[in-house]
Amino acid sequence: MYPFLYQRPTSLDDALKSFRSADDACYLAGGQTLLPVMKQRLAMPSDVIDLASIGELRGFTVAQDRLSIGAMTSHAVVAQAAEIKSCIPGLSHLAGTIGDPHVRNRGTLGGSIANNDPAADYPAALVALDAVIHTDRREIAAADFFKELFETALEGDELVVRVEFPLPQKSAYIKFPNPASRYAMVGVFAAVVSGAARLAATGARSCVFRLHQMEQALDKNFDAAALAGHSLSAEGLTVDMHASAEYRAHLIGVLARRAVDAANGRGSGS
Amino acid sequence: MPVLNTRVNGKTVQKEIKPTTLLVAFLRDGMGLTGTHVGCDTSQCGACVVHVDGVAVKSCTMLALQAEGADIQTIEDLAGDDGTLHPVQQAFQKHHALQCGFCTPGMIMASVALLSANPRPSPAQIRHGLEGNICRCTGYQNIVNAVLDASGQLGG
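Protein chains in written order, with the working numbering: chain S, 1 to 270; chain P, 1 to 156.
So that you can see chain P by itself, here it is in the shape it has in the complex (with noise of 0.2 Å):
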């Protein structure tokens, strides 16, 4: 079997995996890291997205091999070491921008990146930059209020 070389949240993972493996399949089943979630399993729904070498992609529509020399960052690395959430992991829990919280990994790894490119985003901006993912409990306007707010466009 081939033998995967890459970087997961920060620790040098080499691992021989099957070629078919796909990225969330490895993350999860591989690594123990099932906080990045496998919704529709076709690219649709954005609960397994994760950050490959800073940008955001589906894992389920991208073979772990492909990460070959790759950086992946989860959602479990996001909080500091003593169990600080993100600012953006605060935001959504601040405004319920979550209610069963499946969509959630992915909703906040997609609104990460988003923030990285464009620290100010409009609220439509924010629509747009969430097009890959859908929620299907709380409806996206509190997630839309907890990703301005995490860009310190809410005040207070």
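With the rest of the complex left out, here is chain S (with noise of 0.2 Å):
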């Protein structure tokens, strides 16, 4: 790593101010991405401000229609919190498919939005429940919130400070990790929010996108029987040494119809 001056700011307040006199500076959240960055000599912040104690950042409450999730909780708090597994099971099991376990207890929901990889996970989520982010400044829907690969909406300085779900009437996961690293190959993410048939798709394109068509079928009838003869075409799909376009095409269609099924309550996923 290059040298960097460490800060750890105790409020949002401290944070912002310690982020704008800095030179170039990096929040540090969870770390799972930024430091295998830093180490590999990809980054060189100035400073890195650790988010790890503002307090307002952690845990999560659930009231009658939403689910609110600081930015700074882990992956294995929302896979383990029997509130929210509850409330959005989807949510819930897509959290304990990140990584592995160790890197669960670290990473961080803000931290992964914020970075936007395009295998990752949470993205789906966020886009298929209609969530919406709220910053130190500003409420930003999910929709407009990630912008292209590894690029949101976020401004230089600006902070994640908590996720919003609407809770669903149903949500799944399903996703065809890479053996190697974890990351999606493609997931899928279904929902039904405030009726209407929502999927949202990872680790596909440079950056997670909704299946309107599928959606559209789905809104009459909420059955992966609906999304027989749907497919969808390859052009602009993703293509790396794991996968041809074409593949994950396929993928995106079968998995489609898992995660509709999970969301039904047949088959895990949720």
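Among the hints, erroneous ones may be present.
[Said to hold, decoys possible] In silico lysine to any residue, SDA-like type, Cα no more than 20 Å apart, as pairs:
1. S:K85 / P:N118
2. S:K85 / P:A117
3. P:K18 / S:P45
4. P:K94 / P:A117
5. P:K18 / S:A22
6. P:K18 / S:P3
7. P:K15 / S:Y6
8. S:K39 / P:D29
9. P:K15 / S:A22
10. P:K18 / S:P9
11. P:K15 / P:A70
12. S:K39 / P:A25
13. S:K170 / S:D65
14. S:K39 / P:R28
15. P:K18 / S:C26
16. S:K17 / S:E56
17. P:K94 / P:C137
18. S:K17 / S:L5
Think of the hints as simulated: they come from the structure by calculation, not from any bench.
With the hints in hand, could you dock these two chains into one complex?
This is the structure we're talking about:
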């Protein structure tokens, strides 16, 4: 790693002040992506601002129609908390498929979405569940938050404070993990939110996206059978050493059907 | 240089360290606790697993300064003062759950964390719980057997 100054503010205001007064600062959440990137010398921030001591970024609350999760809440907490499991089972299941147990103990919701890795899991959940990202200065709908490969709507110094999820009627996530990295080769989150079917796919393009045609078919009948004959064009899908675009297109169809099945209580995934 | 205040294996530690120091380097080079291993150094292999505030983490992917105020436990702290091995260590020995032993500290720390969260895991839950730890000698069957035995599920 290149040298940096380490700072550990105890309030959001102090974190923002530290960021703004530094040459080229970086926020540190769980560090499960940032630290490997710094170790490879692909990032060289002048200041690393650790968010671990800011109390308001931690924990979660369940209200009548909403689940609110603090940005610094670990994947392990989201995967294990009984309240989260009972109100959004697909989200809890998703968190339990990220990385491995040790990574889940450190990695955070806020860190994952601010990084917006094209193969990360959380973006699929936020987009499918119509979540709202609350930052230190505004609210951003998930649909507007994830912009492009590793790009979000966040301004340079802007901090994710929490994410609010409307409670869905149904939810499930099915992922085909790369066996080495455990990132999603493709992952599909299926949900019914306010009576409408919503499907989002990750790992298949430079950024998370919705499967609008499949959603329309499911709006009439939220059953995997309604997706029979629906296939996605391979055009524009990711091609890499792990899979061709055609293979990913095929996976999206298979995983979408499985995710709908799981959301309906058939098979695992929720 | 910043000063790290933490507890390692029950002892209070105060030490000046560079911000770039990883937790695993602090433990091995700063504290002389070389039981925690560096395998891949890219958070894949799990040889560096230690407990921070009771949960298993990969110490190659954490800055030592992130452990400010934390309680760290390493493999050196598992055996009793009289040298009696921890039940998970005994089970690894009994079931030949290691060959070269390089992955063993991480495997054992991960297994202890797994058993404290789930005292009677199924073989599938053990495999899932150890998916962040890689062994390149023995394969995993005897490791799963050892964890099953340590949880009191093998009888005899």
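Hints, verified against the model:
no., hint, in the structure
1, S:K85 / P:N118, "holds (17 Å)"
2, S:K85 / P:A117, "holds (17 Å)"
3, P:K18 / S:P45, "holds (15 Å)"
4, P:K94 / P:A117, "violated (23 Å)"
5, P:K18 / S:A22, "holds (19 Å)"
6, P:K18 / S:P3, "holds (8 Å)"
7, P:K15 / S:Y6, "holds (15 Å)"
8, S:K39 / P:D29, "holds (18 Å)"
9, P:K15 / S:A22, "violated (26 Å)"
10, P:K18 / S:P9, "holds (18 Å)"
11, P:K15 / P:A70, "holds (14 Å)"
12, S:K39 / P:A25, "holds (13 Å)"
13, S:K170 / S:D65, "holds (13 Å)"
14, S:K39 / P:R28, "holds (18 Å)"
15, P:K18 / S:C26, "holds (18 Å)"
16, S:K17 / S:E56, "holds (17 Å)"
17, P:K94 / P:C137, "holds (17 Å)"
18, S:K17 / S:L5, "holds (15 Å)"
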